[in-house]
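**Student:** Numbering that gives the first Met the number 0 puts the first residue of the sequence shown at 0, with every later residue one more than the last.
Just so you know, these hints were derived from the structure itself, not from any lab. Treat the hints with care, since some could be wrong.
List of simulated lysine-lysine pairs, DSS-like, C-alpha gap at most 30 Å [as the list claims (entries may be wrong)]:
{"no.": "1", "residue 1": "K105", "residue 2": "K69"}
{"no.": "2", "residue 1": "K94", "residue 2": "K22"}
{"no.": "3", "residue 1": "K94", "residue 2": "K188"}
{"no.": "4", "residue 1": "K157", "residue 2": "K67"}
{"no.": "5", "residue 1": "K67", "residue 2": "K191"}
{"no.": "6", "residue 1": "K188", "residue 2": "K105"}
{"no.": "7", "residue 1": "K157", "residue 2": "K105"}
{"no.": "8", "residue 1": "K69", "residue 2": "K125"}
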Amino acid sequence: MDHQHHSANISALSQSNGPLSPKGPTATIKNRAWFRQLPTGQYRPTDTRRQVHRQLLNTEQDVSPKVKQKKQAIVLAGPPGAGKSTVLHQILGDKHGQYRVLDADKFKEALLDTAVQDGSYNTWIKPAEVQALEAQGHRFYPLELASLVHEESSMLMKTLRDESIARGDNIVIDSVLSDETNALALGEKLEKAGYSIHVVDVEVPFEVSQQRIQQRWLQARQEAEQDGSGLGGRWVPSEFARTVFDGPDGKSKPEHAAQQLAQRCGAVTEYRLFRTTTAQAQAATSVPTLERHLARATPNGPLLDHDVAQVMNRTQTFRPKNHLQHNKPRRGHRFER
């Protein structure tokens, strides 16, 4: 089948208010056996669906049995396809297993896999428009319908995040981080819980992001076609990818939000900005380049060049108190490397 033609079909179905939009008619949150809509407009899972959530949450928790409770948080930001996973492995190295990675995309896969197994993928999630195209010979894979579990996967990620914070788990919050208000609220939540925060932003131009998204989807789809099974590749609507780059001052929204979080939340101990240019992305082995590395020498103090902060902080420990930057600092733990 022509992959270009197929991608055009998915794009058309993914338009705002379309059958593959996040709140389309067959999105999981629209299933009344699974969710109730509150007067506030929010969706609450039914008891039956809550049991499914608990199973998925327990499974995800079991993936990281060696997570440490040292209240260290890495907030990972950046557009799709920027190379965040590469940078994370570079930063954590052999300490990766000491952190719980919170990623809504993992729950998208888990929800769709569950739906395939229990039959609800065909009986509820798959829209009539997709069924009609499949009847004409167009093959759709579950992850191409990932938008229909977007809202529910976000709920699960937030639940796992809150439970992890309550335990004091070391966590990596892997997201686009495109909203400044939500970024600052996250910083406040972590600070109140006594966390030290490391903000890591990984940036690429829109053209590079879009190309990598397409390559990732196509490769996973081709692998599924060869194997005759699997969930295929996750589809990211180009409209979403484009809006991520419409931030202020020519920045992407994640770059702006990450910068604001680092500057305005006194619990942020380090801020790193990595970038890959269009020219660098064309290299055979492209690795994001560290463009900026700032740190605080004291809680709620100014962000300084990392090396300068290290010299100033050499004889003191660093752990933030539950307060914002206008309050007095106290001593605590440094960010663990």
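**Student:** When you check the alpha-carbon spacing of K105 and K69, does it fall within 30 Å?
**Tutor:** 24 Å, holds
**Student:** Does the structure keep K94 and K22 at a Cα separation of 30 Å or less?
**Tutor:** 38 Å, violated
**Student:** Measure nothing beyond the straight line between the CA atoms of K157 and K67; if it is 30 Å or shorter, mark the hint as holding.
**Tutor:** 19 Å, holds
**Student:** With the threshold set at 30 Å, check whether the alpha-carbon distance from K188 to K105 stays at or below it.
**Tutor:** Holds: K188 and K105 sit about 23 Å apart, inside 30 Å.
**Student:** Would the pair K69 and K125 pass a check requiring their Cα atoms to be no farther apart than 30 Å?
**Tutor:** The given pair, whose Cα atoms are some 43 Å apart, is violated under the 30 Å limit.
**Student:** Please verify whether K94 and K188 have alpha carbons no more than 30 Å apart.
**Tutor:** Holds. K94 to K188 sits at ~24 Å (cutoff 30 Å).
**Student:** Below or equal to 30 Å on CA atoms is what counts here, so check K157 against K105.
**Tutor:** 13 Å, holds
**Student:** Would you check the hint for K67 and K191, treating anything up to 30 Å between C-alpha atoms as holding?
**Tutor:** Given that 30 Å is the threshold and the Cα spacing comes to 19 Å, the pair holds.
Hints 2 and 8, counting from the list given before, are not met by this structure.
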